[in-house]
Amino acid sequence: GQNIDQPTEMTATEGAIVQINCTYQTSGFNGLFWYQQHAGEAPTFLSYNVLDGLEEKGRFSSFLSRSKGYSYLLLKELQMKDSASYLCAVVPGTGFQKLVFGTGTRLLVSP
Amino acid sequence: DAGVTQSPTHLIKTRGQHVTLRCSPISGHKSVSWYQQVLGQGPQFIFQYYEKEERGRGNFPDRFSARQFPNYSSELNVNALLLGDSALYLCASSLQGGGETQYFGPGTRLLVL
Numbered sequence: 001g002q003n004i005d006q007p008t009e010m011t012a013t014e015g016a017i018v019q020i021n022c023t024y025q026t027s028g029f030n031g032l033f034w035y036q037q038h039a040g041e042a043p044t045f046l047s048y049n050v051l052d053g054l055e056e057k058g059r060f061s062s063f064l065s066r067s068k069g070y071s072y073l074l075l076k077e078l079q080m081k082d083s084a085s086y087l088c089a090v091v092p093g094t095g096f097q098k099l100v101f102g103t104g105t106r107l108l109v110s111p
Numbered sequence: 112d113a114g115v116t117q118s119p120t121h122l123i124k125t126r127g128q129h130v131t132l133r134c135s136p137i138s139g140h141k142s143v144s145w146y147q148q149v150l151g152q153g154p155q156f157i158f159q160y161y162e163k164e165e166r167g168r169g170n171f172p173d174r175f176s177a178r179q180f181p182n183y184s185s186e187l188n189v190n191a192l193l194l195g196d197s198a199l200y201l202c203a204s205s206l207q208g209g210g211e212t213q214y215f216g217p218g219t220r221l222l223v224l
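Going down the list, the sequences are from chains A and B. Okay, so the first sequence: first residue is 1 according to this note's numbering, each after it adds one. Okay, so the second sequence: first residue is 112 according to this note's numbering, each after it adds one.
Every clue listed holds true.
Computed from the model, here is a short list of chain A residues facing chain B with C-beta under 10 Å: (1) N30; (2) F45; (3) F96; (4) V100; (5) G102.
Covered by chain A, according to a simulated footprint, are these stretches of chain B (three or more residues, beta-carbon under 8 Å): (6) 145-154; (7) 165-178; (8) 199-211.
Because the hints were derived from the structure by calculation, they are not lab data. Ideal Cβ placement from N, Cα and C applies to all residues, glycine included.
The following block holds chain A by itself, in its conformation from the complex (with noise of 0.2 Å):
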């Protein structure tokens, strides 16, 4: 089966840096994405690992240990603009590119 963990909500200051978990299981790996979500719109791309180690984008970093099943989200310099849900979607060994998404969490900024 496939399961993927991530807290349903977290809270945070404006210009503080927030840490958001994932941890997976599942029958085969080929990547981890990060989408952000605000409400009632559409995923959009964050970022994407698919070997160990960390990735940096801007405000934006993802880190990936495949060994331990485990991967976060690293928000640095919080804006209001950044409460939203953070959706962790894995591609499991399926030969095709199907994501299976956690739950988000939702990640509220408060000034």
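Add chain B to chain A, keeping to what the hints say.
Same frame as chain A, now just chain B:
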């Protein structure tokens, strides 16, 4: 360049009816995937198509079907609608449906009464 487009944006149907949702991928993308997202949950995979062939199917009943056209656009059909089919239906496109990034359209919000 235009992103993924979907139509309609919103739809209200009654139980037992049929619905067709449409998706146009990003230009140059040959693979389209469909996802269902109910409120408070992550998207659930329904289908993937590549070059007009079904590549994968999620755990959805046979009431759900889809197809892809020669221009790579796609339709998702749902028959005999149930209240539980109320959700945001997302279409995502990618170059070849392999390990590359999937880009999502704005979705169609379906309400079944």
